Amino acid sequence: MVRFEKRPQPSRLFAYATPLLAVLATFFFGGLLFAALGKDPVVSIVTIFWEPLFGEFSFFYRPQLLIKGAPLVLIAIGLSLGFKAGIWNIGAEGQYIMGALVGAGVGLAFYPTESVLIFPLMVLAGALGGMLWAMIPALLKVRFGTNEILVSLMLVYVAEQFLASMSLGLLKNPEGFGFPGSRNLQQYPSAHNAEIIAGSGMHCGVVAALIAVIFAYVLFARHKLGFAIRVTGEAPRAARFSGVNPSRLVVFCLGASGMLAGLAGLFEVSGPAGQVTIDFNVGYGFTAIIVAFLGRLNPIGIVLAGLLMALTYIGGDIAQSQLQLPAAAIQVFQGMLLFFLLAFDLFTNYRLRFGRSEVA
Amino acid sequence: MKLTTLFASAALALGLASGAWADGHEKTKVGFVYVGPVGDGGWTFTHDQGRLAVEEEFGDAVETVFVENVAEGPDAERVMTQMALDGADLIFTTSFGYMDATNNVAAKFPDIKFEHATGYKRLHPNVSTYSARFYEGRAVQGHIAGSITESNIIGYIASFPIPEVIRGINSAYIHAKKANPDVEFKIIWVYTWFDPAKEADAATALIEQGADVILQHTDSTAPHAAAQEAGNVAAFGQASDMSAYAPYPRVSAILDLWGPYYVERTRAVIDGTWESVDTWNGIGDGMVGIGEITDAVPAEVKAEALALKASLADGSYHAFTGPLNKQDGSAWLGEGESADDGTLAGMNFYVEGITGDIPQ
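Going line by line, the protein sequences match chains A and B.
The numbering used here applies: residue 1 is where the first sequence begins, and numbers increase by one.
The numbering used here applies: residue 361 is where the second sequence begins, and numbers increase by one.
Chain B with its partners taken away, still in its complex shape (with noise of 0.2 Å):
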């Protein structure tokens, strides 16, 4: 009890010192807790970007503090406490695995408030969660890929057997699938989100089975190094726009833009609107962007991407849109039905025509 006894002090005590602020300091705190490297040129990197459009949209009215390179565990509940200590008014914790640190952290400082990047539990009322709907990208990637390759053999670089990802495989096979009735796709599970090493031997592996484009649900620009070895393979940016590889093996890419979204939900703070929500946005909100295709995509097949990428984004069209079937040849969404958002969140199973298993 002596602990709660002196977070509530703690709290109270910052309580004071925002009362405080009213004479003329009044910076809103904000904290970023990211999982890798804010130089990783994918996923942090894109968050960080973020953090900086947060401070360039208010400049001294804010302060933003992070710290990268958080193991998700007793590091982050320790991180996360410590910025709440240290007077941040608005944490953004970034990382799926930081779920249940964030909600314990936030029942011990219910006056600050707590943003979870890609999870689910918002046990208190001053936790939101917020992702992007990613797999609407990988519609428009999947038409391109379908629409350009000529060995019809589309390789796909997967991180982890997780609802995301498997979404993303999803969106992008039914859609070049769409494009060109023959392609197929072949799938090898990495087990990481980020590593050179594995992502390059993938991607080579892909490329000997006949593979002339890469998908990649990992963020190093290694397999646009395998691509550009290979020649005449194309490849995708990930989370980051990966344009030193353009216009070829990089013909387009997924971006992932936080910064909208930071810079409302801390005008929020601000504003002392904020309510605890869970956000799902994407390229019509613009959480989730499509890097320039090159001219190494053709103009007609250029203009049916943009097309795409314009009825996902005024809700015309959703990217699961029936008649689907699932793997195993059971029905899923009937003629002209769209997929429901709670199945997607929990996505576990293959649509109809792509080959393998999940792996278990």
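So that you can see chain A by itself, here it is in the shape it has in the complex (with noise of 0.2 Å):
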């Protein structure tokens, strides 16, 4: 008979070696369903992991993996503050879009003027949009005790139609011929985020998901606040007890993943993607959750994750194109990354027991 068994002490071996298990499940799982659908399945992990890295064309998809990794990581750390507090903010997407909708519409607002001082003002900007709009479901916790799991998430769907009623409205390009969308930011200097050098990949997102990483490590390290966070979230009645204020905390978890979210919102519009457009947001704001609990909510882990995920969606695109594998079965392998993670998560708190129960 086999049954598990709570352990006195969370296993710090399991702790580690999940996420590597989760990866290596995935892929022999995803293998099988690789070979089911008629591919090899070698073949197939190999496109999607090896490719990208190190492949012929890898002096392209190297810094593509920055591009798409930074917003992922910038994202998920502010979200890895909440969740270690258990503060649920899952509405990042609906940040994110508010975020690159205040930057750039504080950049558009001063075009066609050209000024240094343009970019880092949409930069404050863009943070405030983001931040403004965690504060809904901040404080709608904090006076009323409204679920901030349902307020931030519907949000998000508020947000989307304001993206599109912008789009189509205020910031429409008026040299558009009519069509939605805004002037790209790639074509006013002043306003683009660009490529620091050109071909590295490495645009302000990427310096600022650095910084940000670095911030939240020192914070949990060594900070005081950050310590209140893990006490809240590990044991809430010993946080109180120890004068941590949870609505103070509410506030400052939601307004930082806001703030970050809203960050990597506005990098987004004004760099990569140039455009304020009706389907502007491509779930990044839900990707970084994944991202966040597959980097164990700690900021290096959450780095190495963002990676790691940015690496499947690309390879995962690479494999479509050679392969023919359908985008479905690509989703499908990545949904099975974090199916592993947190099955094998159950190992870190319990263990398998075989044989017969034993007298208690």
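Just so you know, the hints here were simulated from the structure itself, not pulled from any lab data.
Treat the hints with care, since some could be wrong.
[As the list claims (entries may be wrong)] Dumping the calculated DSS-like pairs for lysine-lysine here, alpha-carbon to alpha-carbon at most 27 Å: (1) Lys-546/B x Lys-389/B; (2) Lys-538/B x Lys-686/B; (3) Lys-39/A x Lys-389/B; (4) Lys-387/B x Lys-39/A; (5) Lys-546/B x Lys-558/B; (6) Lys-172/A x Lys-662/B; (7) Lys-546/B x Lys-686/B; (8) Lys-538/B x Lys-387/B; (9) Lys-686/B x Lys-172/A; (10) Lys-389/B x Lys-537/B; (11) Lys-537/B x Lys-686/B; (12) Lys-481/B x Lys-389/B; (13) Lys-538/B x Lys-172/A.
[Claimed, not checked] Where chain A lies over chain B, by a calculated footprint (3+ residues, C-beta under 8 Å): (14) 456-470; (15) 697-711.
The structure displayed is predicted, hence computed values, not measured ones.
Idealized CB from N, CA, C, for every residue including glycine.
Please dock the two separately framed chains into a single complex, following the hints provided.
Encoded structure:
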């Protein structure tokens, strides 16, 4: 007979081994899935994971990893603050949109003036836009005890409507022949978040993501606030006894994660995407939730997880094109990653017992 | 500059490769970038039918590849670049939002031909644009709708307030009104191209407001299901035939037929006669089709509709022929005058008789 037994202490070994095991299990079962679709499983997995990093055209794909990974890492770092404290911001996608809209709006308001001050202003506006959008669920929770999961998630759909309205109305390119979408910020030098070294993929968003990682690391390792976050997540009663103000923590965690999501949106709209369009948001805010957990809510882990997710996206598209794997199979593959992560996570707190149950 | 060199050498390598094709391996590679899944039954499905038509026409002489579910923005740019690096000779990019990405990638690969659907930017000599005169199909649809409605109320599920959609509403209205002077249009904007739940809600709302014919500029069959449930409500297939709901509620359909164009352009690349063009084809050129008009439509209405279709096809009649006024009553087209393509391409007004405002 097999049963689960709660470990007296969470296993440190499993806490670190889980992501690796999850990746290996995903390789195995993903391979089975690809084989069932009539594709060579080894070739498929090599295409997804090897081709972008070391293949013939890796000079092109490696910078793309940074472009794809930066917003994921930036958002996931913010989310990890709240997640550690048991504060669930599920609406980063909406904050990402609002950051992009406010930031791009500020930039476009100055068009065609050229000034070095415009981009910093846009960055501030983007951060503010995301933060204010996250303040709605934060203040509602603090004041009326609403559920931040529901409120932040629903606000994503509100933000999407705003995005459509802005693309078709206020921010629409006056020289766009009536088509939706704003001016392309890539063609407006003062507002363009250009690559710092051409062709490297390094834009300001990548730098911001790295800075956020360092901040988060210091916060958790050295700062009292980081301690308060951890205690609140692990033992809310103890936290209250030790003088943590839960309301302030809610406001801080949602505000900070909203701000980082807003920044990610701003750097994306002013750089790689270039334009406010109806379909500007592509799900970074939701994927970042996976990234945060895959990275064990640890800043360094999140960087690795963000790059891994970026790799599956880029490699997945290559596999679609070269091997004609359906997009849905790639999505299942990505889903497996989270599934196995959560499944193996069980072993951090529980262990398997074989044989007869012992006498109590 | 380094990256440019890399791209140049990659392009050169491809050039050498194409030279090598002369000794037996002479497949022309055609890439397709899709915004949705090929199984959407609508827009992307019809483009994939076009791809299959290319495969059927040229057999072993061509190889086609596609990537589905490609988000607009940096993802699209990456996928196009990847196809170019993998040796595509011709790439069809099938969403309006791919416009800037297509031109950016085309600049890097001057020897590869790019075809962008529904856009207007041809910044490089290796970029063509193409679209279909769907409004011709709307005219036929409007005629049938106006003829068969008994409540004199026609419901219209509109996606986004862009010229393409507004043109469709105007064309359908003009011809419904001609068939039935008492006809009235009720329009609901759903701000999506494909969302069965929203489309179903919109259809139900229109039916509750008395509509007994539903026209849709969205891709799902959800409105058909709603019409079927209500009974006595007719609907039209959009993009693909949607014949699962024939003969009623689906009484006819507008068909996107990309196959002939894709075959022609592929042949031009093979023959070396490809040139940058702007194509806007209608019923006459076979890019827009009318799905079978079922027996639920009275025989004389069917005959009129087919006659209208024939006159649009041979060019003896233009769907926007005066006298026509704008919604505010100001004159637009005089007696016998027909609209020019420029006005149609940027159409941002309703014709006289339509109530309500275009959302801004």
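Checked hints:
1. Note on Lys-546/B and Lys-389/B: the hinted pairing is violated, with a Cα-Cα distance of about 46 Å set against a maximum of 27 Å.
2. With a C-alpha separation of about 16 Å, the suggested pair Lys-538/B and Lys-686/B falls inside the 27 Å cut-off, and the hint holds.
3. At most 27 Å may separate the alpha-carbon atoms for a hinted pair to count; Lys-39/A and Lys-389/B meet this at roughly 21 Å.
4. For the proposed pair Lys-387/B and Lys-39/A, the alpha carbon gap of about 22 Å is at most 27 Å, so the pair holds.
5. At most 27 Å may separate the alpha-carbon atoms for a hinted pair to count; Lys-546/B and Lys-558/B meet this at roughly 16 Å.
6. Proposed proximity of Lys-172/A and Lys-662/B is contradicted: the alpha carbons are some 41 Å apart, above 27 Å.
7. Pair hint Lys-546/B plus Lys-686/B holds up; C-alpha atoms about 18 Å apart against a cutoff of 27 Å.
8. A threshold of 27 Å between alpha carbons decides the hint, and for Lys-538/B with Lys-387/B the separation of about 51 Å lies outside it, so the pair is violated.
9. The suggested pairing of Lys-686/B with Lys-172/A holds, with an alpha-carbon distance near 23 Å, which does not exceed 27 Å.
10. Proximity of Lys-389/B to Lys-537/B is assessed by CA-CA distance (about 48 Å); at most 27 Å being required, the pair is judged violated.
11. Restraint check for Lys-537/B and Lys-686/B: satisfied, since their Cα atoms lie roughly 15 Å apart, inside the 27 Å limit.
12. Straight-line distance between C-alpha atoms of Lys-481/B and Lys-389/B comes to about 24 Å, which keeps the hinted pair within the 27 Å bound.
13. For a cut-off of 27 Å, the pair hint linking Lys-538/B to Lys-172/A is broken: about 35 Å separates their Cα positions.
14. Counting residues of the stretch 456-470 of chain B whose C-beta lies closer than 8 Å to any C-beta of chain A gives 3; at least three are required, and the coverage claim holds.
15. A stretch counts as covered by a chain when three or more of its residues have a beta carbon under 8 Å from one of that chain; for the stretch 697-711 of chain B and chain A the count is 4, and the coverage holds.
Of the numbered hints listed earlier, those contradicted by the structure are 1, 6, 8, 10 and 13.
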